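**Student:** Listed here are the chains, written in short residue letters.
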Amino acid sequence: GQSLEQPSEVTAVEGAIVQINCTYQTSGFYGLSWYQQHDGGAPTFLSYNALDGLEETGRFSSFLSRSDSYGYLLLQELQMKDSASYFCAVLLLGDYKLSFGAGTTVTVRA
Amino acid sequence: DSGVTQTPKHLITATGQRVTLRCSPRSGDLSVYWYQQSLDQGLQFLIQYYNGEERAKGNILERFSAQQFPDLHSELNLSSLELGDSALYFCASSPTGSLSTGELFFGEGSRLTVL
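Top to bottom, those sequences are chains Y and L. Using the working numbering, the first residue of the first sequence is number 1, and each one after it goes up by one. Using the working numbering, the first residue of the second sequence is number 1, and each one after it goes up by one.
The set of hints was computed from the structure by calculation and includes no laboratory data. All values derive from a computational prediction rather than experimental measurement. The beta carbon of each residue, even a glycine, is placed where N, CA and C say it ideally should be. Possibly wrong hints are sitting among the right ones.
The following residues of chain Y were derived to be distant from chain L, with all beta-carbon distances above 12 Å [to be verified]:
no.	residue
1	Val-10
2	Ile-17
3	Thr-23
4	Thr-26
5	Ser-27
6	Leu-32
7	Gln-37
8	Gly-40
9	Phe-60
10	Phe-63
11	Gln-76
12	Met-80
13	Cys-88
14	Val-90
15	Ala-102
Partial list, derived from the structure: chain L residues whose beta carbon lies under 10 Å from chain Y [what the hints assert, rightly or not]:
no.	residue
16	Ile-47
17	Asn-51
18	Leu-99
Work the whole structure out from these sequences, hints included.
**Tutor:** As structure tokens, this is what we get:
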């Protein structure tokens, strides 16, 4: 089975850096994904880590460490539009679906 | 715009009723997934279809059923509705059933309110 844990809320000011951790307990998985969801809108894909290490996509980066059973999403140069919920998700070995964490609500203040 | 189309966007109905939610995947995508998101909750996997066949099943209630048609659109049927079924229902699609890139393309969702 799997269990993904994320902080429920994070608040930061514009221009700051936020790190959202995702710890997991799973018997094995292909990779860790991150999704962004604005207030009831469609979740949108941000990044995917199949291997350990850092993946950078513009202001957002994602990291995975299988040995430490955790990953994180790093949001840099925060903007007001980054206020949203962020979900980590895993694709378990032998499975065909993404299993999502409960999500982290990021609030960016001026 | 992800290319995934869901209808209706909003639906209000009464307890005990039955509704059908419809999803058209992105052009060329063979796999469709249904997720339920209750207020301030995460995304709970319901069911997946690949090229017309059921591929994976989550904690889907017996009152719920789904299918994928030959043209690859999918429908989620919810019956004997209860207040607790009020939620956002998302459909997502992917090109294949393997999710090798970890990427799903989500529709805008159908917001169901049961009164």
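**Student:** With reference to the structure, classify each hint as holding or not holding.
**Tutor:** Now the hints, each set against the structure:
1. Val-10: 15 Å, holds
2. Ile-17: 24 Å, holds
3. Thr-23: 15 Å, holds
4. Thr-26: 14 Å, holds
5. Ser-27: 17 Å, holds
6. Leu-32: Since the minimum Cβ distance to chain L is about 7 Å, Y:Leu-32 lies within 12 Å and the statement is violated.
7. Gln-37: Since the minimum Cβ distance to chain L is about 9 Å, Y:Gln-37 lies within 12 Å and the statement is violated.
8. Gly-40: 6 Å, violated
9. Phe-60: Y:Phe-60 is indeed farther than 12 Å from all Cβ atoms of chain L, at 14 Å.
10. Phe-63: About 14 Å separates Y:Phe-63 from the closest Cβ of chain L, which puts it past 12 Å; holds.
11. Gln-76: 21 Å, holds
12. Met-80: The claim stands: Y:Met-80 keeps its Cβ more than 12 Å from every Cβ of chain L (closest is about 21 Å).
13. Cys-88: 10 Å, violated
14. Val-90: 9 Å, violated
15. Ala-102: 4 Å, violated
16. Ile-47: Interface hint status for L:Ile-47: holds (9 Å vs cutoff 10 Å).
17. Asn-51: 12 Å, violated
18. Leu-99: At 5 Å from the nearest chain Y Cβ, L:Leu-99 passes the 10 Å test, so the hint holds.
Violated hints, in rising order: 6, 7, 8, 13, 14, 15, 17; the structure is consistent with all others.
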